[in-house]
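**Q** Chain V is already provided as a structure; the job is to place chain Y on it using the hints.
Number of protein chains: 2
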Amino acid sequence: MTSTRCAVCKYFRRRCPPECIFAPYFPADNPQKFAYVHRFYGASNISKMLEELPVHLRAKAIESLCYEAKCRMQDPVYGCVRIISSLHQELHLAQSQLAKTQAEIALLNACVGVVEPTPSSSESLVQQNGIDHGLDNASDIWFY
Amino acid sequence: MTSTRCAVCKYFRRRCPPECIFAPYFPADNPQKFAYVHRFYGASNISKMLEELPVHLRAKAIESLCYEAKCRMQDPVYGCVRIISSLHQELHLAQSQLAKTQAEIALLNACVGVVEPTPSSSESLVQQNGIDHGLDNASDIWFY
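Chains as they are written, first to last, in UniProt numbering: chain V, 1 to 144; chain Y, 1 to 144.
Calculated from the structure, these hints are not laboratory results.
Copies of the same chain look alike in the list, so a pair counts if it works inside one copy or between any two.
Simulated pairs of lysine-lysine, DSS-like, Cα-Cα distance not exceeding 27 Å:
1. LYS48 with LYS33
2. LYS48 with LYS70
3. LYS10 with LYS70
4. LYS70 with LYS60
5. LYS70 with LYS33
6. LYS33 with LYS10
7. LYS60 with LYS10
8. LYS48 with LYS10
Predicted model, so just to flag it, every value in this text is computed and none were measured.
Chain V on its own, in the form it takes in the complex (with noise of 0.2 Å):
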C-alpha cells in the first residue's frame, strides 16, 4: 500500500497508520515540505507540537514551521530572525519618514493659514503608536 503513505511514513519506509498524526499535513506527493521541517526540527519533535495543539490548529502550525525551517535553509546563521530584524528597520524608517512630514505639514497649514492639523495627518500618530504585535484575527496571518 505503499501509494496511500504520507511523506512522513513513505521517508520512514514504514506503514502509514489510519489516524496517521503527520498525513494531513504532508502528502506524499510533496516530500519536499517535510524534509524542510524534519531538517531542523526532527520527526518526533513534530509530532510533539502537533499532539499539543488542537486539530484546527494543526495546519497552521505546520505552515509556521515550514516558513521558518524554509528561511533557516536560506539564513543558517539568522532564520526568520532576519526578517524580523529588516521589518523593524523599515518601521522605523517609514515612521520616522511620517513624523518630518506631518510637521511639514503643520508648517504648510500655517503659512496657507489653516492652523488646526487635517484629520489625516492627526489620526496618523495614533495608529502608528496603537498598534502592538498580538493580531485580532489570526487567520489573517501572513505566511509567505
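**A** Same frame as chain V, now just chain Y:
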C-alpha cells in the same frame, strides 16, 4: 567533574569533552537556554546546525534559534511568524499613511505657490520602495 559540564552535557548526564560543541553557547548556569531550543529542535539537530557553520557565526545562530524557540513556546501555532505578520501590517499602515501625508504636502505646496516638492518628501517614497529584507551589516541584527 560535574561542575565543569555545560548545560547540554549536564542535561544528558554525560562527560563534557574539552572540545564540546555546545559548551561555548550553553553554560551550566543557564539550563533554561538549552531547554528552550531542545524542546523544539533537539540536541542532535542543534549539533548538526552548529557543525555546518564557521565558529564565529555559531553564537549568533544559537541566539536566533533561542529567539525562535521562545516565540514558539509563547505561541505554539504561529511562533515568530506572528511577529513577522504583525510587522508587515504595521509597515503597510505606516507606508499608506506616509503616502497620504505626502499627497497632502503636494496639495499644500501648490496652495502656497511652491510647485516643486520639498527634498524630504521627494526622497521618502524612494527610500520606502528601495529597501529589501537583506541587511548590509549582519552584526547589527536585532534579536530581542
